[in-house]
Every structure is written in C-alpha cells, then in structure tokens.
Amino acid sequence: MAEIKHDLKEQVRELIYNTCIHLDDHQWEHWHDNCADNFNYAIRAFSPEVQADIKYHGGDKEYMQSITSMLSKHNSDQSPLRRHCTVYRVDVAADGKSAAAISSLAVYQTQLDGINSHVDAGTTSIFLVGRYNDKFIIDGDSIKFEDREVRLDTRRLDKGTHWPI
Amino acid sequence: MSSRNHDQWNATPDLQQGEWVDSKIYSDEEIFEDELKKIWSKTWIPVCHESELKEAYSFRTMTIAREPVIVVRGKDMVVRAFLNVCPHRGNMIERRPSGNYKRGTPSGTPKTMTCMFHAWSFDMKGKCVNISRKAEGYQDRLNESQVGLRELKCEVYFGGFVWVSLNDDIGITVEEFAAGSLDVLAPSLNEEPLEVFHYHKAIIPCNYKLWHDTNCEFYHDYLHYHNRITGFNEAYFARKNSGFDGGHINVGSFEVQYDNYEGSHSREELSFPHLPPNHWYMIDMFPGVNFNLRGSALRCDLMTPLGPNSVMIEFRGLGLASDSKKDRQTRIDHHNSIWGPFGRNLHEDLLAVTGQGSSMHPMAESRKILHGRHENETIHDENGMRHYYEEWGKLLNRSPSNPDETFKPYPAFKEQEAQRAAAAGK
Ligand code: FES
Ligand SMILES: [Fe+2]
Chain A
1 MAEIKHDLKE
11 QVRELIYNTC
21 IHLDDHQWEH
31 WHDNCADNFN
41 YAIRAFSPEV
51 QADIKYHGGD
61 KEYMQSITSM
71 LSKHNSDQSP
81 LRRHCTVYRV
91 DVAADGKSAA
101 AISSLAVYQT
111 QLDGINSHVD
121 AGTTSIFLVG
131 RYNDKFIIDG
141 DSIKFEDREV
151 RLDTRRLDKG
161 THWPI
Chain B
1001 MSSRNHDQWN
1011 ATPDLQQGEW
1021 VDSKIYSDEE
1031 IFEDELKKIW
1041 SKTWIPVCHE
1051 SELKEAYSFR
1061 TMTIAREPVI
1071 VVRGKDMVVR
1081 AFLNVCPHRG
1091 NMIERRPSGN
1101 YKRGTPSGTP
1111 KTMTCMFHAW
1121 SFDMKGKCVN
1131 ISRKAEGYQD
1141 RLNESQVGLR
1151 ELKCEVYFGG
1161 FVWVSLNDDI
1171 GITVEEFAAG
1181 SLDVLAPSLN
1191 EEPLEVFHYH
1201 KAIIPCNYKL
1211 WHDTNCEFYH
1221 DYLHYHNRIT
1231 GFNEAYFARK
1241 NSGFDGGHIN
1251 VGSFEVQYDN
1261 YEGSHSREEL
1271 SFPHLPPNHW
1281 YMIDMFPGVN
1291 FNLRGSALRC
1301 DLMTPLGPNS
1311 VMIEFRGLGL
1321 ASDSKKDRQT
1331 RIDHHNSIWG
1341 PFGRNLHEDL
1351 LAVTGQGSSM
1361 HPMAESRKIL
1371 HGRHENETIH
1381 DENGMRHYYE
1391 EWGKLLNRSP
1401 SNPDETFKPY
1411 PAFKEQEAQR
1421 AAAAGK
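Protein chains in written order, with the working numbering: chain A, 1 to 165; chain B, 1001 to 1426.
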C-alpha cells in the first residue's frame, strides 16, 4: 500500500509538471484533457486594500474551454509566459481515490510585443508569483485535475493577460 | 497625396479647433505639473468606497497630486480625510493600505493614529492627543491644540463613494461639481448600499488622459471582439454621448446581446435596481474618473497620475451589499470575465494605451492626435473627448491643439461647420 501511494504521488507530480509544459506552450487541449468534467479553475488573491479575498478569473471546464477557444479573436500581449514550478507537497487520500498538492509558482514574462518591441523585446521579468493549490481525482490509472486554485501574491499585473496561468 | 513627408506630417490638420490635440499634452513635464496644481489639487476626487471603511476606526490611505492622504471613520461613524503627514518631522503617519485603529500599534495606544517615529498621536477627528515628553521638551511653548492634522474636504456621495479635495476653497459640493452627470445612475446606485467585491491596480507607462480618452470613446470597439459581437446593431449605434458642465460626459445605454459571445450569458437576473435588463451606462468624470454599469456589476476606475508618462489605475467592482453568496459570485464572474486583470476587454484597452504611451513619450516629437469624428453625438462620435479637452483648456488656459498658446473657447460644431463652409466659399 505504501508503495502504491508513493507511486501515485509521483504520478501527481508528473501531471503538475506536464501541465506546466502544456500551459507554457499553449497546448490548451492537452490541459483540458487532463481536467475532470467537474473541473473548476480560479485565480485568487487577498487584497489588503479592501480586506477581501478576490477572484480574478475562472470558471468550470466548459468556461475555460471557451476562454481558450476564443483567444485567436482577441488582441493579446503575445509575450511568452514561462512557469517555474516546484511541487512542495502531495497528499494522497487513504482510499487512493483523490489527492491534493501544493506547488510554488513563479511566472516569467519575456517581452515580445507588449511595449515597444524594438527596445523591449527579449527582456525577461517576473510576471507573477504565487502557488498552485490543486485537487485531483484518481480512478485506477487515470489522474485528473478536479480543482486548481492559482493563489497569487502578485497583485500588480499591470496590462494583465488573456492566458490562463 | 498618400504618405507624407515631415512637413506634411506636422502640418495643421484640415479640421476645426478641438478636432485634434497636440500629443505634447500627453507627455510634457511642465504641462503635467500644471495639471497637478490647477486641476488635481483643486477638484473633488473619489478615493475609495465607504464599504472599505465599514467599522468605526477603520482607515484607508491614498495619494492625491503627490500628497499622501488618509481617510478614517470616526467613533461617530463620520468619514473624515486628512493629510497623512505628521506635523512633527513630516513622517507619513500610516504606512498600511487599510486597517483599523481599534487595535494599538507598536508605538501607539488603541483608537489613535500614532506616528511611529516619536509617537505623537491623533484622534479620529485629527486632534493631537499626545506629544511625547511634551513638558520636558516644549515647556509651555507648544501644545496639542497647535499641532492637529491637516483636515481635507470630504464627502460621501453617489452610492457611497468617498470624495476628497485638497482645496479648502473649492466652494462647491460633489453634487454641484458633478453638474448632473451622475443623475443617470443615481437611482441605481442610491437604492441600497453597495459593496466593493473587486480591487486590482495597474501602473501603465502612459499619460492618465489617454486612459480617460479610451473610457470616453467607443470607436475603439474595433479593439474588442466582445463589443463587436455583443453590440453593433442599430440600437448600439444610436447610443448617445452627452456632455455636462465641468468636462463630464455620459455614454447612453442599449441592450447588450451577451449570448452572442461564447461562454457568456444574459445578466438580466442580477440587474442593478432601476436598470433595464442587460443595459450599459457609462459616466466619465473630469479629470479622470469612470463609473461603468454593465447590467449586474458596477466598475469604477480611479486614477493617480504619477508622471507625464505614468499612471496608476485602481479598478474596483461593486455589487449590492445585500447579495447572497451565490449572486455575489455571479456578479464577480460577470465583472471579471470582461474587466478583471485576465478579462477579455481590460487587457486589450491596457495594451492599446501602452502603445500610445510608447509613441508619445516625453522625448517624442509632438504629433497631431485626431478627435474629429462627428456622428450626431452617438457612440462613435468623438464629442466626449472634445468636451473633456474644452474644460481642460479652460482650466489650464492652454489650447489643447497648441498648448503653448492660451485657450480660446471652442465654437459649437455647427458654427465651426459654417465657418468652414464660408472659408471654402471665398
Ligand atoms: S515625525 Fe511623527 S512623531 Fe516625529
Ligand atoms: Fe475598451
């Protein structure tokens, strides 16, 4: 049993890391495929200005699918976002049917077309820092995201982005 | 003529006064200082919403025209504003964005604003209540009554927004200042208490007026897929822009077709009081305030100009204080799907003004910026910007199209057209 749990932990870690690659590379379909039908996504931050927890973005799987499918219709900053993620903790439930993970997250932005590309393109800065708080459903060999909360420390996002984090 | 050489590029456009401005107004250091002195220090500025100061002794800090400001709610529940500056050696008294003085601070007793430096403290009415070791140092030469805080004019008005003015001699109320521009939304905002559910800020390398212009003109629908797909019908193009005294404008409403955008739905069920379902009104107040009510959620942009090419914009979303948890969440989703930092429209607007800031930075050659569309004062008319710059010109006594010259009042458009026809005839 302990070994099975260890194995599941490793698989959860792998899924989180692979998802970073999918999101970095805009492989949205791969991301959606790895989310359960009842998946929920939210980007949140606590605002000390108004003393409230604030949901910046998010919705269910269908909503996130429509968000990514509509991207080409919108004018967006195309400066790539690159995630640096470290999985700090994975907890697998005793029955092996669910898991939760906490990961530390930094997202770097390398300017392309967001300001004056002649001058700024190629410049990298930190776009945001925060955590992924993830929940998973495990069914035999399949592990899927059931919930992802992107918990932001960064609250100055300036121009913002159209892309899920 | 197709493309133009330098002289042609810089020539005065063949348009009437007010139909273009010189980009220097968006980049010049001296003009910026003039604006802080003659506009931002002189007028009413909304700084936050009363729901951010729910309890007695709560406070919020902010900046107006580079002056640090603190707003506090007293024991008597009255909201007052002060310069956030200690009368002793000029330290900023409160460093936090918000909080409550019921609890003491490391240097101070509960229920006082205490400067951490030498522990002078003040009550919620700005009265100094303690000078540390006063008798030893000042003997009887200085006492508390001489070192109160600098109080600022403050009003809670229009759905609970807190307005502050640095100008003791302003002589008009917020209502008088608004000159009727808030009336269109007053019934919706004043019916029951509102509450802030969203706050985020952006610092953008552009002049503050470029953001205000973007809020005042809808011709930039071409930037927003969302606006085109949910608007762009006869009723949309009939939306009126109307001007009010003081440079304020209203953008009239129509019924947004939310269902036309994939993943978005009617907001009818959560309409603000007295607002027809899915309607969308906007108020742009001089010199840089925006109230934007789209069906179920109110957005408010407050700007803090930081330099000729830098502005901080604070974005707030508001719902009804009486909202159930579920309704509140729906309002938040409605608001942030368009206007959050990851929303469809806000990112596009911010990209565009960043591009303007890049081309109109302080060292750039000045350019002619066209505000010349006339379409019967409907949605793609640029009369909103023209109306704003007429007030701006008057207050600074500078011509917006030639800011080194003094201001001459804009003749009405019809008169300008007549002049133009007469000139063409001779
Ligand atoms: S500077 Fe505030 S107490 Fe001295
Ligand atoms: Fe816009």
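Keep in mind that the hints are not guaranteed to be accurate.
Computed Cβ-Cβ distance ranges for the label pairs, DEER-style [stated by the list, open to error]:
no.	chain 1	residue 1	chain 2	residue 2	range
1	A	44	B	1409	49 to 55 Å
2	A	97	B	1325	47 to 53 Å
3	A	156	B	1234	38 to 44 Å
4	B	1007	A	74	34 to 40 Å
5	A	10	B	1277	49 to 55 Å
6	A	116	B	1068	29 to 35 Å
7	A	116	B	1004	20 to 26 Å
8	A	80	B	1234	29 to 35 Å
9	A	5	B	1269	45 to 51 Å
BS3-like, lysine-lysine: derived pairs with alpha carbons at most 27 Å apart [stated by the list, open to error]:
no.	chain 1	residue 1	chain 2	residue 2
10	B	1326	B	1038
11	A	55	B	1201
12	A	135	B	1325
13	B	1038	B	1240
14	B	1408	B	1394
15	B	1054	A	55
16	A	73	B	1368
17	A	55	B	1326
18	A	5	A	55
Bear in mind the hints are in silico, worked out from the structure with no lab data behind them.
Ideal Cβ placement from N, Cα and C applies to all residues, glycine included.
Status of the hints after comparison with the structure:
1. A:44 <-> B:1409: 49 to 55 Å: holds (51 Å)
2. A:97 <-> B:1325: 47 to 53 Å: With Cβ atoms ~29 Å apart, the hint is violated.
3. A:156 <-> B:1234: 38 to 44 Å: holds (41 Å)
4. B:1007 <-> A:74: 34 to 40 Å: 39 Å Cβ-Cβ, so the 34 to 40 Å window holds.
5. A:10 <-> B:1277: 49 to 55 Å: Distance hint for residue 10 (chain A), residue 1277 (chain B) holds at roughly 52 Å.
6. A:116 <-> B:1068: 29 to 35 Å: Holds - the Cβ-Cβ distance for residue 116 (chain A) and residue 1068 (chain B), about 32 Å, lies within 29 to 35 Å.
7. A:116 <-> B:1004: 20 to 26 Å: Given about 22 Å between the Cβ atoms, the range holds.
8. A:80 <-> B:1234: 29 to 35 Å: Distance hint for residue 80 (chain A), residue 1234 (chain B) is violated at roughly 42 Å.
9. A:5 <-> B:1269: 45 to 51 Å: holds (46 Å)
10. B:1326 <-> B:1038: violated (46 Å)
11. A:55 <-> B:1201: holds (14 Å)
12. A:135 <-> B:1325: holds (23 Å)
13. B:1038 <-> B:1240: violated (30 Å)
14. B:1408 <-> B:1394: holds (8 Å)
15. B:1054 <-> A:55: holds (21 Å)
16. A:73 <-> B:1368: violated (31 Å)
17. A:55 <-> B:1326: holds (13 Å)
18. A:5 <-> A:55: Violated, at roughly 33 Å.
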